[in-house]
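Here is how the chains run, residue by residue.
2 protein chains.
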Amino acid sequence: MSAEIICVGTELLLGEILNSNSQYLAQALANLGIPHYYQTVVGDNPDRIKAAIAIAMERADILIFTGGLGPTPDDLTTETIADFFDTALVENTAVIDDIAAKFAQTGRVMTPSNRKQALIPVGAQVLDNPTGTAPGIIWHPRPNLLILTFPGVPSEMHTMWETVAVPYLKQQGWGQEIIYSRVLRFRGIGESALAEKVVDLFDLQNPTVAPYAGKGEVRLRVSCKAASEAIAQQLMAPIIAKIQAIAGLDYFGQDDDTLASVVGNLLRQQRQTISVAESCTGGGLGAMLTEQPGSSEYFWGGVIAYDNHVKETLLRVDAQLLSNQGAVSGAVAEAMALGVKNQLGTDWGVSITGIAGPGGGTAEKPVGTVYIGIADPQNAVSHHLCQFGDRRGRELTRYLSACQGLDLLRRQLLTASED
Amino acid sequence: MSAEIICVGTELLLGEILNSNSQYLAQALANLGIPHYYQTVVGDNPDRIKAAIAIAMERADILIFTGGLGPTPDDLTTETIADFFDTALVENTAVIDDIAAKFAQTGRVMTPSNRKQALIPVGAQVLDNPTGTAPGIIWHPRPNLLILTFPGVPSEMHTMWETVAVPYLKQQGWGQEIIYSRVLRFRGIGESALAEKVVDLFDLQNPTVAPYAGKGEVRLRVSCKAASEAIAQQLMAPIIAKIQAIAGLDYFGQDDDTLASVVGNLLRQQRQTISVAESCTGGGLGAMLTEQPGSSEYFWGGVIAYDNHVKETLLRVDAQLLSNQGAVSGAVAEAMALGVKNQLGTDWGVSITGIAGPGGGTAEKPVGTVYIGIADPQNAVSHHLCQFGDRRGRELTRYLSACQGLDLLRRQLLTASED
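Quick note, the sequences are listed as chains A and B, same order. Positions in the first sequence are counted from 1; adding 19 to them yields the numbering used here. Positions in the second sequence are counted from 1; adding 19 to them yields the numbering used here.
The following block holds chain A by itself, in its conformation from the complex (with noise of 0.2 angstroms):
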């Protein structure tokens, strides 16, 4: 048994919208314990819709639709569907008061294109629809055939999903088993050499152990069936323990956690505050780390240190150093972390120098060449060189850069904590 999703709309096909729905369904299917293993978009195109419908019959045994419900001629899914089953359509009474009365409800006259939305094939029920004017259908078309319509308004489908569609779903069985998955966020190693790490663990049937890759982060889901989402994890534990084992520092958090929440959550536990002074970054760093509510708590403040001048007044970088070593070097970058620290009075200071790109860059020091420094609540200062390349861009160099300084300052927390 599986379901497929398959969205009705030309304006998925026109690139004019992002089609969230699959996504949504997906998560929802998963949530069920409900296979899916195809997708399909379609146009508002009778023939196509049809086409599609033999496709999937024949590799699922529930057909999830969305959009094409509404009422204008363009919407077609419902009797589309109802065409391709040679059954004809009858209007339903009640779908046409409810629609009625949501019209008069808001002032509003109901137009004869409305009344289209009523047509239900026969031996159909409705899937009603508590936000708007466009209700689904739950049809067994044949004995072990599965349909379910919803509009293509994400938040009207997401409403009948729920007050509707799970209810029966479950009440057919689904739901009893679900699949349930952790995200594990590792940072400081490439994709390829963490699975070279934990490639036995590919092999696993449930739990399931896969690689992703992220943004300035390598992941790995595990996913587990099973009765309960108590069951799941408890089945899941001893493999996740085994992959944070093998991963050491370089696993950083799961979920939802970010490097900066975790960075937060470190600060706070070691009551513990800090200042920020950036150049490349200009300001990004800061952000990261105010993004987390209530960080007023650990973070202070910092300066954005564009300008070479900037870093001599206000954060007292001598300018001699500044004309002998650069403002990208590992002794400025040392000279600022140590002066925002001091200048703010915070426990930890950290700063970032670099060359962010497209222009800047020399042969000794390349674009793509970022100092970061990091002064500890001992006054003791170090820097740590990454070379970004040029190939990655001015906007993801600055953002790894940024990353990369609350990656160095987790592991410099978890060190000291451990002392």
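Hints are supplied without guarantee of correctness; some may be wrong.
[As the list claims (entries may be wrong)] Computed beta-carbon distance windows for the label pairs:
hint, chain 1, residue 1, chain 2, residue 2, range
1, A, E181, B, A264, 26 to 32 angstroms
2, B, A246, A, S342, 54 to 60 angstroms
3, A, R161, B, T106, 38 to 44 angstroms
4, A, E181, B, D409, 22 to 28 angstroms
5, B, R240, A, S401, 47 to 53 angstroms
6, B, Q263, A, P377, 29 to 35 angstroms
7, A, T182, B, A338, 54 to 60 angstroms
8, A, A260, B, A229, 52 to 58 angstroms
9, B, R240, A, R127, 27 to 33 angstroms
[Said to hold, decoys possible] Restricting the straight-line Cα-Cα distance to at most 27 angstroms, the calculated cross-link-like pairs of lysine-lysine (DSS-like) are:
hint, chain 1, residue 1, chain 2, residue 2
10, B, K135, B, K121
11, A, K216, B, K135
12, B, K216, B, K244
13, B, K234, B, K384
14, B, K135, A, K234
15, A, K216, A, K261
16, B, K234, A, K216
17, B, K121, A, K384
18, B, K121, A, K234
19, A, K234, B, K234
20, A, K69, B, K69
21, B, K189, B, K216
22, A, K261, A, K234
It is worth saying that the hints were derived from the structure and are not from the lab. All residues carry an ideal CB built from backbone N, CA and C; glycine is no exception.
Based on the hints, put chain B in the right spot on chain A.
Below, chain B alone, put in the same frame as chain A:
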């Protein structure tokens, strides 16, 4: 002739990621005038990928794959396509060299699993990936059937599409009649208010004018079908001029223009410099301004004054003022703008102080209250109060605050230059 988009990835079937690639490719195909009638999503499973190929071949002549080109065992797209067409894979030396060079540049070591990415079906051409390690292929496995593959990482796919696939497809005769679009960008006016002002233009057939909402801005898309860009531009010019005249200062730019790039260009033209003082945005305004390459010409830096202490020490905001008026006030916003301008010695100073939420709101100053201060070259200061409300959430409130800071500056720069 038509194309089909086939997105490969179990993560799509689990609903873990939103399928933005299909939207991108749909628009890209429309721009070249290549029809496409179906999109398919399938998991990382060879049999099902093969089934999808068999179906797609029957209804399209150009199959465009995204996803499954990575180095790990579940990346199966290339080998499955080759297997479907009974074609052997060969290791491509140029790709091996390219991958090795990319690893060397970032100081990482190439792993054996990365060699897999260099396996190309015999007879296929490499579709270069300038930014990542996974190249795609351009392949005619049979007469009148073209296969293009791309990695699933959107940024890599976009670059490959623009730099390799588009020139290739144009050479094949596509894109002779093009659809040319420009996006006009507005700030300071709502979508429906703007729509009402230009409602007559929505009935045009070629060019067409359509509104859509963006994050922190409103957009009108003007699109034209024509034999060339030059002809399209000619047809569109009077319409665009009319819209600009109607919108006045609310029009800020088009296409890739951003508030930051427009402000940057104005500062560069007027040979003036700027610094920022940020509280609730935590560096986000500085980060936006420095997104522009070459922004060091006019952006000198700033102070992230998250904590009040920092407002006093680095920005010289009067402690009395802070305690009397509160950090979130027009008077403090003005003092911050003037403070940063004077401390850093720039022509302009822009400040932001507010309550981004979710906590910290009061009856008098609810969540979403943000003050923006601007100090001009003559040391005249002013402030502007924004009430973003509490329903937008922390991230969007911070983003809109930074946009508003840039927009106020833009209007002052435009007015000043007219004097």
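For a C-alpha distance cap of 27 angstroms, please report whether K234 (chain B) and K216 (chain A) respect it. Not satisfied, since the Cα-Cα distance of roughly 42 angstroms exceeds 27 angstroms.
Between E181 (chain A) and D409 (chain B), does the beta-carbon spacing fit 22 to 28 angstroms? Given about 25 angstroms between the Cβ atoms, the range holds.
Are the Cα positions of K216 (chain B) and K244 (chain B) separated by 27 angstroms at most? It holds: about 25 angstroms lies between the C-alpha atoms, which stays within 27 angstroms.
Would the hint linking K216 (chain A) and K261 (chain A) be met if the CA-CA limit is 27 angstroms? Roughly 11 angstroms separates the two Cα atoms, so the pair holds.
Hint consistency between K234 (chain A) and K234 (chain B) [alpha-carbon to alpha-carbon, up to 27 angstroms]: Distance ~22 angstroms between K234 (chain A) and K234 (chain B) Cα, so the pair holds.
Next pair to validate is K261 (chain A) with K234 (chain A); report whether the Cα-Cα distance is within 27 angstroms. Status holds; Cα separation ~24 angstroms.
Given the hint of 38 to 44 angstroms, is the C-beta distance from R161 (chain A) to T106 (chain B) inside that range or not? 39 angstroms, holds
Taking the CB of T182 (chain A) and the CB of A338 (chain B), does the distance hold inside 54 to 60 angstroms? 56 angstroms, holds
Between E181 (chain A) and A264 (chain B), is the Cβ distance one that fits in 26 to 32 angstroms? 48 angstroms, violated
Taking only the CA atoms, is the gap from K69 (chain A) to K69 (chain B) under or equal to 27 angstroms? The hint holds at about 22 angstroms.
How does the Cβ-Cβ distance of A246 (chain B) and S342 (chain A) compare with 54 to 60 angstroms: does it lie in that range? 58 angstroms, holds
Does K216 (chain B) sit within 27 angstroms of K189 (chain B), going by the straight-line distance between their CA atoms? 38 angstroms, violated
The structure is inconsistent with the numbered hints 1, 16, 21, although it conforms to all the rest.
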